[in-house]
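Participant: Use the sequences and the hints to build the structure in full.
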Amino acid sequence: MSDQPKQTTYWKSLNELAQNKEYEKFVQREFPEDATELTDQVSRRSFLRVMGASIALAGFASCRKPVQKIMPYSRQPEDMVQGVPLFYATSMPFQDTVTGLVVENNDGRPTKLEGNNEHPSSGGGTNIYNQGAILNLYDPDRSHSPKRNGENVSLSDFISFSAEHFSNRDQRVLFISEATSSPTQNRLKQQALRTFTNAEWVTYEPFSENNAVEGTQLAFGQRLRTVNHYGQADVIVALDDDFVSPHRHQNSVENAYRVSANRKVTSVDDTMSRIYSIENNFTATGSYADHRLRLKTSEIEGFTYALASRLSESVNGLSAYNGIENEFSDHEWVNTLAEDLLSNRGSSVVSIGKEYKPAAQAAVAAINLALGNNGNTVTYHELPYRENRDENQAFSDAVREMQNGAVDTVVLIGTNPVFTAPADLNFAEALENTGTKVHLSDYFDETSRNCDWHVNHAHFLEMWGDGLSYTGQRSVIQPQILPLYDGLSEIEFINTIITGEESTGYDLVRETWQSYYPSDFDSQWERILHDGIEPDSGFGDVNVSLAADFDSAIQPELSYEPVSGIEITIKPDSTLFDGRFANNGWLQELPDPMTKISWDNVAMMSPKTAESLGINPERSFSSREVPVVRISGGNSTIEIAAWVLPGHADDSITLTTGYGRRNIGRIADGVGVDTYPLRTTSAMLYQPGEVSTTGQSYDIACVQDHHSLEGRDMIRSASLEGYKEHPDFATYKNVHGYEVPGMEEAREEGNEHGPISLFTETYGSYDDQPQWGMSIDLNSCFGCGVCTIACQAENNIPVIGKREVSRRRIMHWIRIDRYFEGDEDNPGAYHQPVPCMHCELAPCEQVCPVAATTHSEDGVNQMTYNRCIGTRYCQNNCPFKVRRFNFFNYSKEFVATGDDPEIIQMAMNPDVTVRFRGVIEKCTYCAQRLNRGKINAKIATGSRKPVDGAVQTACQQACPSNAITFGDITDQDSVISQDKRNERSYVLLEEMNVRPRTSYMAKIRNSNPELVSPPDLPSH
Amino acid sequence: MSQIFPKWADEAPKRILIGVIIFLNAAIFGVWYFFSPEFTDVGYAPEQPVPFSHQVHAGQLGMDCQYCHTQVTESRYANIPATQTCMNCHNQILTDSENLEPIRDSWETGEPIEWVRVHMLPDFAYFNHAAHVSVGVGCESCHGRIDRMEVVQQAEPLSMGWCLDCHREPEKHVRPVEEVTTMGYTEENQLEVGLDLVAKHNINAPTYCQSCHY
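Chains A and B, in that order, give the protein sequences. Here the numbering used here is used: position 378 in the first sequence is 378, and no number is missing along the way. Here the numbering used here is used: position 113 in the second sequence is 113, and no number is missing along the way.
Rather than coming from a laboratory, the hints here were simulated on the basis of the structure. These numbers come from a predicted model, not from an experiment. It is possible that part of the hints are untrue.
As the list claims (entries may be wrong) - Stretch by stretch, here's where chain A covers chain B in the computed footprint (C-beta under 8 Å, at least three residues):
no., segment
1, 71-83
2, 89-103
3, 200-206
What the hints assert, rightly or not - Heads up, incomplete: computed chain B residues facing chain A, CB under 10 Å, no partners named:
no., residue
4, Pro112
5, Val135
6, Cys209
7, Gln210
8, Cys212
C-beta: ideal position from N, C-alpha, C; glycine also.
Facilitator: Laid out in structure tokens, this is it:
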């Protein structure tokens, strides 16, 4: 270490990097100039109508307190204790997997979803879609009833229609369903295909696993699911495989907890895996990886072949790639990766994004086989429900048949192809040429509008069902509440079509499960309902070997040509996925992990590409507007806001799907731009395109410079080697070169706890109470945002809408700051969740004129809404900028103008106050959970301190990678105490002597010394 | 020169000042007294759909509070019993009483009886029955002599200051846990016994904001 410690520069935006005047002006203001003015009544109201919520009292007639009624049961249900939540296991289907969940029910209303510890796809963690699902359940815009030609009809009308229409068993019926792993749905599918003699069943997902499965067909001659065990690998090469993000990988939660468990460094003796990420746009995996290479999407395939070619020199089984020469053959990454992979044979994983073409998938499968990874870090499994064919091809063929008018009846089960199908298939036209169209969906959506019959779909929290985890363990989906709008589940819908009679999902699921438990069914069934999963089930491993004719069969597929000019890449959106979560306010408002944009999709590009298009990479702050570009590819053109993302590959533009919905609901409508018109069967992932500026500009709500801490040292990181050399690299002294001011004087006075302070020390005065503390391990954080959504669900945090967000009013109690580091073209990236620090000497408490924010005996910085008069002094004085102000009465607006206010109220946590206008709010460490834990401990054992682990905050519980630990710091054996003692532990702004209770653990990157490639990592 | 103001005008400012002072004092006293829960809430005794008499059940018959309020030791709420609980006895006793008509209706139709809530805390205040009864805060301490009430009425103001009276000095109010439901409990050496109980149950009644407000 040199005498003068090297200070790494972390920055949030290009403006900050350039330190221009406008930026300085922007961040110095707590709020922009118009933050306190209400200039946009109309749009604000329309958002407020949908979100925020309130507790409506029984009546406002009396000027005394309103009269409240208590309505006890007539017959008391067993186990129901009013005021004590009940928890039931269920699972959330998403494409053809399910994630095990435990649902908190308050008085019969599901209010919060948690991960199921027993379920391998969850491991106790969740993703943003799981957490957001609760708001979808109470979405007032969900379809309320079946419709015939757009007119509301009753369910019995649909049943009698089915009985009559589907009595003709010989008609040409085409079923198009979403991907599903449900054994019951699969059983009914077989039954339907037997019943209708002339039927066809295709599965359509806009972002499916199909290419990955086709890849194994090419490589091994079998259609299999590839399961990469990232947690068991020492070296991971992710070729645009964003395996920790739910929008790119179905099993992201399991991947996240397994891979992060292998990277938790608690002492210098620990090792961690090494991740290389090769990608065009900046993904969460890329930011988490130890090394990142940016390549155009169209170059990834060539890179894969070059890597295979290099490996073929050393291992058997890759002869097909021997001698391939392309522009990557001499790339330093190819050499380095080959070397690292060869020295980790059997304990490495090479993976590629599921969207890439089958030949590239086959190359990756062959590489893993050749490296001996199969059976160790990579396993293959047969999917029992999957047809042995190319599903994308089958879908295209089916749509062409519809175009030709050869289909009598099409039954669409939960999918929305008019919006999502490749543009060249022209699905809407195909529907016109089809006889009878029946559609089951959550919303009266684009496809429903083109169908004769629409049947409203029940939410998964309202229905019976089943499904398989990513690795095949069976789970039951059990309803938590009766359908709010009388919807049907998929299996009830299909069964109605087959039999023409009404049926219950309960009977259908039980019928399927009878075959799994021929004897003693009822007790087995009860066990499944309780545990949520059958652990003794799963897909068997398939032993694979390279197909006999692999070398010759693969040759014609190897022709590879990258896009020479600008390429357009289309990927699912990080929060809305393919559009199915578009009407979810929580997910719409959640900033994207990398761009930090809320409420819109943009065309992401690198600073260099932007400059070549004549776009200034530095945004203008005064207008919040960004230039709009016109993007043409194939036969379509769209206009979309351009966004400069440092670290994006040059000459590549990434678009995301799911936006630009019309007439779906109040949240989704008119937000962002529909990018599906650019997506065609021949260009599902990327295509050459033309981009030009339009001269117009567009408002974007981006939070990346909001709540900025202006370049102070927030992130501390080191390479693994640097850490082993200097385990104390993260201490204040080693970062700044001098000790925290005042520490020496304090030591002289015999106080080791912190520097001398003007304020009264509180620490140590309440040892008879638990003293809460939190630690956030930056080494485990991917920036996914699930903590933010879990917090929003737990703490009744309102959604405020795009315009409010752009005025820096975003209400999230835990924000995730994303920092870049190094060169603007190819930076490293870090994510830092920032909740309230609960400072022991809190600056906010010292300025509140009415003592609305004070300190509790358990060491929590508490906020008392009823005392708050809205001066916002505390917000101004908070160095971490974690306090949020209710500029408007979000809740009351909603009650006054909403047309179905009671529905969203049902989503609210009854233990947390819904805040009103003019008060500050902020992270409470989930005070309701702390108090529940303390009361339960007191009643059960008489102790004032709950045992370690009994109290979990919502963010901690939701985090799939266990980045957040929480507990009592007076308990020396607690996990939190161990984390706080760890040498990587540090607190923010230590020189201010505010003594935060929330601390961080410094980031470690396991960089490869061979690879002198950016991000250039600090040596200590 | 004639005077513009009559003689009594000299007195006017003084009188106005005195008048204003009296008025302000009266106003402050008025708000302090008449707007306080002590005045507005104590004695609130709304009419219930069924004229259930605690005096008969808890007083004369001596039924324990927990015969009906079963969940008080496990939940934040001391539940109002289900119709089923009433029917335990009233399918045998007073089976044709007119007053019990709503009970029988509820039992037959499954519809709930709409009891009017008497003890209302604001929504921003969290209160947990289980936490209190498990350490020996008697029902009577907050709800008064229920066994003497023909119609239940609010006996205490349930204001924050009133809560804090006990939270600051729990030893003056706690009783042995087995006496929690006793009505008319008295203890001569309350302070001494109270201090013992506080130590025995490790009582630490919190007084910081977030113990009740979040």
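Participant: Now tell me if each hint is right for this structure.
Facilitator: For each hint, the structure was consulted:
Three residues within the 8 Å Cβ limit are the bar, and the segment 71-83 of chain B against chain A gives 11, so the coverage statement holds. Requiring three or more residues with a Cβ within less than 8 Å of a Cβ of chain A, the coverage given for the segment 89-103 of chain B is violated, as only 0 such residues are present. Closer than 8 Å: that is the beta-carbon criterion, and the segment 200-206 of chain B has 4 residues meeting it against chain A, so the requirement of 3 holds. This hint holds: proline 112 of chain B has a C-beta 4 Å from the nearest C-beta of chain A, less than the 10 Å allowed.
Using the Cβ-Cβ criterion of 10 Å, the hint placing valine 135 of chain B at the interface with chain A is satisfied: the shortest such distance is roughly 7 Å. The criterion of a C-beta within 10 Å of any C-beta in chain A is met by cysteine 209 of chain B, whose closest approach is roughly 4 Å, and the hint holds. Given hint, glutamine 210 of chain B at the interface with chain A, holds; its Cβ is 4 Å from that chain's nearest Cβ, closer than 10 Å. Taking 10 Å as the C-beta cut-off, the interface hint given for cysteine 212 of chain B holds, the closest approach to chain A being about 9 Å.
Hint 2 from the list above is the single one not met by this structure.
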